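Colleague: Single-letter residue listing:
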Amino acid sequence: MNRSKVVVIKGKGVLGAGGDMDRVKIAEMLSLGFRHLTGARETGEGLARLFARGDRIGIKVNTIGGRKISTRPELSLSLAELLIKNGQPDRNIVIWDRTNRELREAGYSLSDRPNGLKVFATDTAGAGYETEIIAHRNIGSLFSTIQTNFVTASISLAILKDHGLAGVTAGMKNYFGAIHNPNKYHDSHCDPFIAELFESKPIKDKHRLTLLDALVVQYHRGPSYHTQWAERSGALIFSLDPVAADAVGWRLIETLRSRKGLPSLKEEDREPVYLGTAEKLGLGRAGSDSIEVIEDEI
Amino acid sequence: MKRRRFCETLAGTGFLLGTGAAGALTRVWNFEDTANLSHVEARYYKKHPDREIECLLCPRLCKLGDKERGYCGVRQNDGGTYYTLVYGKACSANVDPIEKKPFFHFLPGTDAFSIATAGCNLNCKFCQNWQISQVRPEQVPHFDLPPAEVAAAAERNKCRSIAYTYTEPTVFFEYMYDSAVEARRKGLRNCVVTAGHIQPEPLQDLLKVVDAAKIDLKAFRQDFYKEYVRGDLQPVLESIRTVSQSKVWLEIVYLVIPTLNDREEDIRSMCRWMAKEVGRDIPLHFTRFQPMYLVKNLPPTPISTLESLRDIAIEEGMHYVYVGNVPGHSAENTYCPRCRNMVIERFGMQVKAVAMNKGACRSCQYPIPGIWA
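Line by line, the protein sequences are chains A and R. If you read the first sequence in my numbering, its first letter stands for residue 1, the second for the next number, and so on. If you read the second sequence in my numbering, its first letter stands for residue 1001, the second for the next number, and so on.
Only chain R is shown next, with the shape it has when bound in the complex (with noise of 0.2 Å):
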């Protein structure tokens, strides 16, 4: 039915109010044909009888009947086959600073090709993103942009590394690996943008093929992840943990809510967790929050807050602490641990300056973590 024709026959019934077919028309969402959507064997998926399947990519291990698509709604089974819907269909294909994601520690001041589909395992009340996150994708506009194409773009654009972010690259794992795999052989590096909600096995693959890992911890209590991000608290620790053990580059943000998420208490036991499991020069950023989709009655973190956990995470003797999402705050900028002084100096998303040699700070030679080059 083409869009002209619909306007047509709710005028003739009356059907349209208030502010006449052109007004309501500019309220509604739009769609894509669902015959656009892939249809790519998912991984990490068990069959069982009836042509029911269970999803074994997320901690959420959804057992679904035929035709039903997982929590994530982009990943369904057809037929006792599970399928991605979302393979190289790219929602959100754009040139970030590497430190939009943000990595502060991981190739400063390069260009990431970032890329996203619809879709995610978690439902966040706060979301920053959930036009595109929280939604199916034929509900959002989408493009093909096969994994070949992906590395192939961020070679075109100059890009140093290929970022999988804006929503949750765990549901579309299979496009993210594939593409991955293309990153690596142009030379490219690959870095995602993760809550760290998946399993043990996938994330294992998933480490063989990426260079940096940045994971959001939305809080450190369960009752927390429980009502106010849909998830569980302890497979993102445990993912956090895997990827600390790894090769691959790690860094954690934290988006602090006020009133939701900023005990003082917590951010302390945060920081002795981190300490002890993944160390002490793992980044960690305290982010700003902006009020959004479900949270629309809070105000934007206040500065000083940001500050004050900061302070409690140094005290704790985490060595890198950031203050994100508040452009031209000196918290944005790296400072040595041992001298004290600024070793990259930041602005927003900008990289101003920079003291390092081979790696090291140039004042004093103590050697800061990160991939640099």
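Chain A extracted, bound-state conformation (with noise of 0.2 Å):
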């Protein structure tokens, strides 16, 4: 049996002191992710193997924590960047969340030209979530009608952080944020909620991409920021198999916590079950025997 890839790469000096972002290296180490995942030689023949000229590629970003602890604009404009560079038009990307709001305080310039980049939330005037509710499993939603309108291909581009509830909060929860309703999902370590949204149709038929923003991660006490929880790991986490990316980032979390000192997060009751739920669902991979997991550094 084949195992499901995921690429880890780790970019020395990506970080500055105060926090600022070396957007040259990112941009490298997001070429060579690609590289690796797509086995391409080069960055271009490798996107062009994950998405089509006609798609309108929709960047999910998580930016409820915050500057601090949200997908870092400097890293989805980098990839909306790649992405143009490599011949997407810039009028079919859009890079998107759920409140204007929360895009504007982690840091993002909401950006609505007809002919370039978009950068804007479900709660934009015009858009919204769609009038009928989506049954599926235990799911029933509203969802953003830029998931179910806009998008024919989707990149979950999450931050990576320790989750109280879920355990931890990656690649898969970060659609909570494409639903109207993700309070009504966290009960049972938010299982089988998570595995069962990304498993409805308007998420699962156009997934493409799991990038896990690991540049800082928040290995404790999340998923709000606390300073002295957060790690400098300076890595991005590649994968098209979006359970196997979860349990990567989840395992850094683990090593994060044990080096720490802190105790697993299946010692304090909140191990990310939905992974398990996921991989019965057919979803993807989570074991470790099951997942090939490819680093590089730059």
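Hints may be right or wrong, so weigh each one.
To be verified - Stretch by stretch, here's where chain A covers chain R in the computed footprint (C-beta under 8 Å, at least three residues): (1) 1042 to 1056; (2) 1065 to 1074; (3) 1123 to 1135.
Stated by the list, open to error - Straight-line Cα separation of at most 30 Å, BS3-like style, residue types lysine-lysine; simulated pairs: (4) A:Lys-204 x A:Lys-85; (5) A:Lys-206 x R:Lys-1125; (6) R:Lys-1046 x A:Lys-68.
Since the hints were derived computationally from the structure, they do not count as laboratory data. Values in this document were obtained by computation on a predicted structure and should not be read as measured data. Here a beta-carbon is modelled for each residue, glycine too, at the ideal position from N, C-alpha and C.
Join these two chains into a complex; the hints should help.
Modeller: Have a look at this one:
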């Protein structure tokens, strides 16, 4: 059985002392990651294997945590630029989340240029949620029209964090920001809700890539930011398997916790059980034996 | 970003699919600006280290990190302080007959000024008001209606009471409580329409300022509560018991959903529990379900089912058992348990005739429990 591939790229010095980011290095990390992920010799060739020319690409970011612990705009914009540089029309790319306020607070400049890259949220006038509930297993939600109407290929560009309820919030839970009622899905460690939401048609049919922002990882007391438990890991995690990406992210968090003398998530009774559910639903692979991790560094 | 500008943006990119801009835009859900939400410190919560809080309002006891909202979607942790986002932010305000709640033994034939905010601490798959209860406050139009204005509006509209209803008033507790205090100052009564999924302490405080409570008992089985309500039965039973032991008037509503909560043995158990724990005089309403929200695959409740369950409840000794959402049904009326004569005649939400004198049956003088004036 083929194993799921997860690529971890570390960028030495990508984060400056003041928290600023080296955009050139981020771009290099992205290019290298895509080449490893796709097996292509050229970045453009690799991206072409993931996205067709006519695709409208949604880059779903997670900005609930404010400037310090959200998907970083420098990363999102670098990804968009890389796509554009390699042939995707900028007008067909949207960086989005649920509210414009959260995007702004995370450092994004909103943009709605008809012929340019777009950055806006579901609460933008004229966007919004569908008015009909989509029901799938235990999920009953209104989905963002950005996801249902506009996007044909979706990238979950999530921040990797410890989460008090789910254990970990990463690429799969990021799609909680694509529905109107995420507050209803936090019981029982967010399980089976994270996996079932991902399995719903508007998400599963369009998801192409998980890319985790692990440049700074909140490994304890997440999902909010706490300086003392935020590690400057300088890493990006890529995978076409959404479950494997999250599983590798989880193990990174466990490694950091162990290194800092903290109990494991299992010991704190908040292991990310959604990964097992997702695996059972056939969404991807969670076990270490089923995942091939390729690590590289710039 | 303005709506027109957004349309231009999408038109320019070909983002809008199918029927074109106009067609697509009719399918969206509108927003309010989150800046318009309230930021009033919530009651009933505990602060924990590292800006975490624990909500003590309902049995969920949500533990929330900074920036997170509770299950209800209307209470948020901001920097370690817990806030209600819906204080004075009504999404509905109407003058309703009190019978609509339904209250049948509380000020019959009067109007209640009825208010709600967005939000609910449950997620019933059969919710009849999901468009306002299962959304966040910024996802539904709302308007400023502070507590003093609630009472003033009730008075202006000649309402005898204020009803906290439509969604789940537990989640707008602070707003409800302060409005109830204002209402009492004006000599108005207060009634709450709730699922009873609330912690004992806030409930005890609430009972000091309200006059009547209608509690929705969704089923008499925990597995139903877990699967269809996303809550627990036991706290609801505790709330029913607590209200029945107070001076607040209590009525129970049971929405009968075909095949899901209409088992005869469950109804019998429920009535036995009620007879023992809260008394036979508590009005019990069996109301008719209409397919909605996530339960659209079942038909409306057959009237024969409602009648059959009513018969069971009467057999088990309940004195006042009603059939609801069936206008014109004879079981909308109140009958004297002793002489069986009709004491209140109703049609839908209208009171047609009252044959009572000072709270007693006009024929046999049997006292009919309730708040009549």
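Colleague: Evaluate each hint against the coordinates.
Modeller: We went through each hint and held it up to the structure:
{"no.": "1", "hint": "1042 to 1056", "in the structure": "holds (count 3)"}
{"no.": "2", "hint": "1065 to 1074", "in the structure": "holds (count 9)"}
{"no.": "3", "hint": "1123 to 1135", "in the structure": "holds (count 5)"}
{"no.": "4", "hint": "A:Lys-204 x A:Lys-85", "in the structure": "27 Å, holds"}
{"no.": "5", "hint": "A:Lys-206 x R:Lys-1125", "in the structure": "27 Å, holds"}
{"no.": "6", "hint": "R:Lys-1046 x A:Lys-68", "in the structure": "26 Å, holds"}
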